[in-house]
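Engineer: Chain by chain, the residues:
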Amino acid sequence: MEAFTTHTGIGVPLRQSNVDTDQIIPAVYLKRITRTGFEDALFAAWRKDESFILNQAPFKAGSVLVAGPDFGTGSSREHAVWALKDYGFKAVLSSRFADIFRGNSGKQGLLAAQVAQDDIELIWKVLENAPGTEVKVDLVSKTVECGNVVAPFEIDDYTRWRLLEGLDDIGLTLQHEEDITAYEATRPAFKPKTLPAKS
Amino acid sequence: MGKTLAEKVWDAHVVRKGEGEGANAQPDLLFIDLHLVHEVTSPQAFEGLRLAGRKLRRTDLTIATEDHNTPTLDIDKPIADLTSRTQIETLRANCKEFGVRLHSLGDKEQGIVHVVGPQLGLTQPGMTVVCGDSHTSTHGAFGALAMGIGTSEVEHVMATQTLSLKPFKTMAINVEGTLRPGVTAKDIILAVIAKIGTGGGQGYVLEYRGSAIRALSMDARMTICNMSIEAGARAGMVAPDQTTYDYMQGRPHAPEGADWDAAVEYWNTLHTDADATFDVEVDLDANTLEPFVTWGTNPGQGVSLSAKVPSPEDFGDENAKAAAERALQYMGLEAGTPMKDIRVDTVFLGSCTNSRIEDLRAAADIIRGREKDPEVRMLVVPGSARVRLEAEAEGLDKVFKDFGAEWRFAGCSMCLGMNPDQLEPGERCASTSNRNFEGRQGKGGRTHLVSPVVAAATAVRGTLSSPSDLEPASAGTLTEIAV
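Listed in order, the protein sequences are those of chains A and B.
Numbered per our numbering, the first sequence spans residues 1 to 199.
Numbered per our numbering, the second sequence spans residues 1 to 483.
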């Protein structure tokens, strides 16, 4: 995973709450077996509407999504994160993220920054009054800057550390393989096994 | 101090405690007892293993089934949609390469992953269960800690049989009282979501408690735990009891003999201690609950079936107001319209929420001896091939077919329309599934989430209806029963 320290890019105000992962990427695009190339699928239904924010210059070139509360609810599909990343987004700002979406973002190096709703409203105003304004997201100081707005954001320390270092999760866990093997030896005999198959 | 059920299961699976305390603590490394796999969220994970030269650590704790993409008609023919077929074939090749047990289309154990696990007896109390699907919360009905994970986590579990997780907070959902006739588990969970909101459970494990929950069957408890994710909670649980044990005993992978006794002894410890405290408690009165239905485009936008479509002005919060306006526009509804005046085009009985044998029985009981509204199309999709066989052995298929419903093969089907079962733009559906998101059941489709008995009554009347709205069933059927 690529390390993340700061990013500055055009902010996209998405004035909507409860943006579920079915909206971020409709199910029809989940049939692919690759991990990249999902940029066309991002907000596919909404992008058919010409007035949708990502169809307007300069937002089309945005890389920081500023959304309403409860972003990423619903399905666990990590494709939602892949689609945002493939389109070019580096960070999403919201006052509340769904747990699975936030977890998936952390694994893929997309920064899910939790910003108070009052600050989100201020940033929306700046971005709407002056489209194309850039948002600076600083993971070191845990702040976002947009026009004259400077706001703190929250992210758990472990995810922040992994993002800053660009660390691979599986590699980290396998450093403790002895602990896993030791745990396996203590599991009770009544726990089920899928093999051999019984029916 | 005592522990909650969720904390007990968590503590029993800690491989390695994260360093540090409180908010700054590193995650714990938890052992995973069962990993369920399906075709949609696994190909990139298998590919990741392959690229890194890693093995799948515990094939004996992993099982795969085909469900999201599978057609529910002509299952003996090659899948027509090429991308769907490729995804299924990729799962087959990956399972073969990595040694994973797979139940393919046509196999009698094939079906929706969350129906198959419990049915085989692989889901048991006190286990940790994961799957690359948010409705993994279903398995919490057995007192398991079960949660949906993303594809990166799927790969992590494949490689290590563990997951790094930060401890959750706990929320008790206390449901006391007795449900009235025609009111079901689905109505309980829709009412819970309407009460706490789609984000209300974020960061929590929910534990459903109280006399109304104790009185429910396992199928009904699964319906409730299934939709925990719709309240934002990654997991929901019910403490195991005699109902759980009775369901489990004799299932293919349930413990036997001395193992059964040892298991039951352990399972009996899996309840929240009297002196344990939850971070939050929510109460719901089962006595006054009515059939529930959604009017909007998220599962929290629901009301009693006897109520009217709400107005955006009813909502104090600006975001909720804007969301309601948008939802009404998408759903093509006017504020103030009685919910029961809303006409539907399609009724879908299926999905991991409501496709088990009891769901089919409950719906069949409503339609037996009645006629379907001729304008309404009804799809009945059993949750698994085994549920389908069981239903056919009871003659339920005949009840549905005589009524004019389509009797299909098992899969996720119209819950998310990854296969050909989709709504047309503007089409309206009463659905026993779990998500009424924009376009979920097909581009432009409009979804009202309901229970199986409301779905059945709606198919009779053509408008959203509860069983109590129906005229008595025809005399012909009564005679048949008498004979």
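Hint data in this document are derived by calculation from the structure and do not stem from the laboratory.
No experiment lies behind these values; they were computed from the predicted model shown.
Hints should not be assumed to be uniformly reliable.
Reference listing, derived: stretches of chain A covered by chain B, where coverage requires no fewer than 3 residues with Cβ under 8 Å from a Cβ of chain B [claimed, not checked]:
id, stretch
1, 19–27
2, 139–147
3, 187–193
Result set (DSBU-like, lysine-lysine): computed pairs, CA atoms no more than 35 Å apart in a straight line [what the hints assert, rightly or not]:
id, chain 1, residue 1, chain 2, residue 2
4, A, 198, B, 398
5, B, 96, A, 191
6, A, 125, B, 443
7, B, 55, A, 193
Backbone N, C-alpha and C define an ideal beta-carbon position, used for all residues, glycine too.
Engineer: Hint by hint, work out which the structure violates, then give me just those numbers in ascending order.
Structural biologist: 2
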